[in-house]
Amino acid sequence: MEKPLRLLSGKNIPVLELDGVQYRPITSSRVPPAYCEVDVELDDNGDVFECVMVSGHVAALIEGEKKDTLRPRPEWFIFIKEECEDPTAEMRRQLEAIRAAKRGAASSEYRMGA
Numbered sequence: 001m002e003k004p005l006r007l008l009s010g011k012n013i014p015v016l017e018l019d020g021v022q023y024r025p026i027t028s029s030r031v032p033p034a035y036c037e038v039d040v041e042l043d044d045n046g047d048v049f050e051c052v053m054v055s056g057h058v059a060a061l062i063e064g065e066k067k068d069t070l071r072p073r074p075e076w077f078i079f080i081k082e083e084c085e086d087p088t089a090e091m092r093r094q095l096e097a098i099r100a101a102k103r104g105a106a107s108s109e110y111r112m113g114a
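Residue 113 in my numbering sits at position 113 of the sequence shown, with consecutive numbering throughout.
Everything labelled a hint here was simulated from the structure, so no lab data went into it. Check before you lean on any hint, since a few could be wrong.
Here are the in silico distance ranges between beta carbons for each label pair [as the list claims (entries may be wrong)]:
hint, residue 1, residue 2, range
1, LYS81, HIS57, 34 to 40 Å
2, ARG30, LYS102, 31 to 37 Å
3, VAL38, LYS66, 35 to 41 Å
4, ALA101, ASN45, 29 to 35 Å
5, ALA59, VAL38, 15 to 21 Å
6, ALA97, LYS67, 29 to 35 Å
7, ARG24, ASN45, 50 to 56 Å
8, PRO14, LEU61, 33 to 39 Å
9, ARG103, PRO14, 42 to 48 Å
10, GLU17, ASN45, 55 to 61 Å
11, PHE49, ARG103, 16 to 22 Å
Think of the CB as a built atom: it goes at the ideal place given N, C-alpha and C, for glycine as much as any other residue.
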């Protein structure tokens, strides 16, 4: 077996070997998405909703005694388009609130130290 990889952080990551085949670790950004989405018109007894259905490997379970095994979970869900807010809008609001709080804390520390 080859020596473990050494990262810039100094941590060793072992090379996995199964049945004589070596597998090197990769970053999660190199793993393609394993889901799809499709527009769906839902008719609930005459009330029509424009929806999106998502299906695929959208979740995972961490298992094993050492919590070293990742098992994909195929799932599906559906949501109504008009009732969904852009998820990045909420994240931007939260990030701005954190930044504002940090600016306020830094400002008060500066005043206290002056």
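Verification of the hints:
Hint check: LYS81 to HIS57, Cβ distance near 23 Å, so the stated range 34 to 40 Å is violated. For ARG30 and LYS102, the Cβ-Cβ distance of about 32 Å falls inside the hinted range of 31 to 37 Å, so the restraint holds. With their beta carbons about 39 Å apart, VAL38 and LYS66 fall inside the hinted range of 35 to 41 Å. Taking the beta carbon of each, ALA101 and ASN45 are about 47 Å apart, not inside 29 to 35 Å as hinted.
Evaluation of the 15 to 21 Å hint for ALA59 and VAL38 yields a pass: the beta carbon distance comes to about 19 Å. For ALA97 and LYS67, the hinted distance range of 29 to 35 Å is satisfied, since their beta carbons lie about 33 Å from each other. Taken as a hint, the range 50 to 56 Å holds for the pair ARG24 and ASN45, whose Cβ atoms sit roughly 55 Å apart. In this structure the supplied range 33 to 39 Å is violated for PRO14 paired with LEU61, their Cβ-Cβ distance being about 22 Å.
Take ARG103 and PRO14: their Cβ atoms lie about 43 Å apart, and the range 42 to 48 Å holds. The supplied range of 55 to 61 Å is met by GLU17 and ASN45, whose beta-carbon atoms lie about 58 Å from each other. With their beta carbons about 42 Å apart, PHE49 and ARG103 fall outside the hinted range of 16 to 22 Å.
Of the numbered hints stated above, those contradicted by the structure are hints 1, 4, 8, 11, listed in ascending order.
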